[in-house]
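Student: Residue strings, one per chain:
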Amino acid sequence: MTATAPAPVPNTRPARTYAAYSRPLWRRVLLTRESAIIGLLVVVIAVSLAVVPNFDSPLTVTYLLRDIAPILLIALPMTLIIITEEIDLSVASIVGLSSVMTGILTQAGWPFALAAITAILVGAIAGVVNGFLVTVVGLPSLAVTIGTLALIRGIAVGLLGTTAVTEFPEFWSDLAKDNIPGTPIPGIMIPFVVLAIAFAILLHFTPFGRSLYAIGLNKDAASFSGIDVGRTKFWLFVMSGTISGFAGVYFTLLYNNARGDNATGLELQVIAAVLLGGVSIFGGRGALHGVIAGVLLIGVLGSALRLAGVTSDIINVITGVLLVLSVVSASLLAWLRRRRISAIGKKKERELAASSS
Amino acid sequence: MTATTAPPAKPAQPGSSAATRIVSHVFKARETGILIALLAVIVVATTVNPNFLFSSDGFRDLLLTPSLLLLVAVGQAIVIITRNVDLSVGSVLGLTAYLTGRLFIDIPGIPVIAVFLAGIAFGAILGLINGALVAFARVPALVITLGTLYIYRGINVAWTGSDRINASDLPAAFRGLGTGQILFIPILTIIAVIVLVIAAWVLRNLRSGREFYAIGSDPDAAHLYGLRVTRRILTAFVLSGALAGLSGVLYAARYGTVSSAAGTGLELQAIGAAVIGGVAISGGVGTVWGAAIGAYLLLTINRALPILGIQDFWQRAVVGALIIGAIVLDRVLAIRQHRKLIEAREDVR
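Protein sequences appear in the order of chains B and F. Mind the numbering: the first sequence is residues 1 to 357 in full-length UniProt numbering, read in order. Mind the numbering: the second sequence is residues 1 to 349 in full-length UniProt numbering, read in order.
A portion of the hints provided could be inaccurate.
According to the in silico footprint, chain F covers these stretches of chain B (three or more CB under 8 angstroms from chain F) [what the hints assert, rightly or not]:
| hint | stretch |
| --- | --- |
| 1 | 136-144 |
| 2 | 151-159 |
| 3 | 267-274 |
Hints are computed from structural coordinates only; laboratory data are not their basis. Here a beta-carbon is modelled for each residue, glycine too, at the ideal position from N, C-alpha and C.
Start from the sequences, fold in the hints, and give me the full structure.
Tutor: Put into C-alpha cells, the structure is as follows:
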C-alpha cells in the first residue's frame, strides 16, 4: 500500500474563502429539485408537441386535466403529510367510499348537494380515524393507513357489492365535465387552483407551514420548541380525508359511476407524483410547485405516450422507473455532496497541517 | 403492587420449572392469541355448517387455500423484521406464475424441478433488484418496492398481453402437485410448512437469523456494532423474492390458469398476515409462525363469512379491522411493558 501512495501535490491555488463555497442565487434557484422537475416537464411538453400527433389539440388538454384532477387534489395534503415524515395510504379507499356514499344517498332520493356534502364529511371522518390512530394512539402512519386502506375499501365494497350507481342529476354531472367557457380547461381546475394557492400559502408562508418542515426534520426538537406535533399531524390527516372525499364526489360525477372499487391504486400514483416532485420520504423537504409539476409530468407523459400508441402497461413501467430513479438520484446526489464536503474538509486539514509545520 | 411486581415468572427465572416456563411462554406469546382467534373462527363456522371442516373438500380447502399466501407472508415477515417492506411480492408472483407456464409451453418436456428452480431463481433476482436499490441507495423500501410493483406488473402485462396460460398447457404431473395430497394433507401445504419450519429455525437459532432482528430493532446500532447490514437487507429481499417466486410456480400448479392479473393485491394480504400475526411494522419484533397463522386466519375468515351469512364483499373490511386491532394491541402491550420496566427500576432503587 505504502509504495503506491503518491507524493502530496503542492497546492498552488490561492486559498478560497467560505463565500466561494456557498452557491450564488441563480444556482440556488435553478439547481433545485423543483426546477429540475419543472424543466423536465417543459421538455416533455415541447417534445410531445413536436413529435406526437394530436397532442396539441384542445381535447388532449381537457382529458389530461380531467383525469389527473383527483391526483392533483389529493397530492396537496399528501405533500404536507410526507413533509412531516408520515404517509397516508388510505386516500384511494376514501375516494372509493366517498364515491359509494354519493351513489347510495343519491339513489335513496337525497338532494345531490346534500349527498355530496355527506360523502365529503365521511371522508373527513375517515381522516379523523387515521389522525386519531396516528397521533393519539401513537401508531406508525404506514401501519395505520395500510389497515384503513383495507378497512375503508372493504366498507365501500361491502356497501355496494358488485353493483354500481350510474344515475346522477344531469346538472351536477355536467358541472363536473364542463370546461371553463371559452377554454379547453375543465372547471374542476378552479377549485383545484384555489386549493393549491391556499395550500401553497399555508405551507410556504405561515408559521404552521414552517412547523411542518420542523416536524419532518426532527419531531422531538419541534416538540421542544413548542410545536404541538400531535395536533398538527391530526389536522393534516383530516385535511387529507376531506379532500379525498371531495375527489371521490368529483370522480363519481366525471365517470357517472359510483362503485366500491373506484380509484383503486390511486394512492400509489399520488405518492409517486409527490416523491417525483421533490418531497423527501424522510420528511422535512419539498415544495408544492415541485409536486404540481410532478403530477403534471406523470400526466403529460402518460397522455403523450398513449396518443403515440404506447400501451398503458408500458406507461406503468415508465411511472415506476421514474419513481425509482427520482429517489435513487436524490440519494446519489446527497452521497456526491457528502463526498465533496468531506473532500473539502480533508483539503482544509491538509492545508492546516502544511501551514502549521 | 410493589410486592408482586418483582417475582412473577420471568421466563429466565431460575426457580421456575421447565413446564411452567413453557406454559407461561405459550400464554404470553402473541402467536397464541391469533391462533385462538383462528380456532374460534373454525369452530364457529363449523358449528353453523359442519361441512366447513368435516368434509373432505372443506378440510382440504382449509389447509390448501392459505398455503400460497403463507409462503409470501413468511418472506414478507423477514423483510418487515428488518424494518423494511416489500410491496412488489404480488407482481413477482404474477411474473413467475406466467414464466412457469411459458417454460412448459416453450420447452416441451422440461423437468418440473427445473421449472421450480427457474421460478425461485427468477423471483430471487427480482428480490435482489429491490434489495440492491434499498440497501445501496439507502432509500426506504416503501418507495422502491412501490416503484418495482409498477415496473414488474407492467412488464408482466406487456409480456402476457391478452395471452394467458391454461390448465391444458401444463403437464399433468405438475398439475398434480397443486391438487394432490399425501395422507389427507395437500402437497402444497407440506411444501409451505417445510419452508416455514426452516425459516423459523433460521430466524430463531442462527446468528444470521438473529441479525435480522438486531437490524430491525436499530439499524444504526447494528451498523455501528459491525453487523453486515447491507448484506442482511439484501438477503431479506432475495428471500422474499424467492418465496414469492416459489409461490408463483405453485400458483400455476394450483389454479392452472394464469392471467396477467395473477397476484394483484397480494402485497396487502401478505403485509396484513404478518402484522396480524404480531410482526411489528417498525421492525425487530415477530416470528414467521405468527405471519403463517395470520395468513391462515385471513383466508379462513374469507371462507367463513358466506357461511355465517355475511357477503364476502366485507372480507376486506374484516382484514382492515384485524390489522388495526393488531397494531393497537401491539401498542398497548408495548406501553404496558414499558411501564413494567419503569416500575421494576423504581423497585430496585
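Student: Now look at each hint and say whether the structure bears it out.
Tutor: Right, here's what the structure says about each hint:
no.	hint	in the structure
1	136-144	holds (count 7)
2	151-159	holds (count 7)
3	267-274	holds (count 3)
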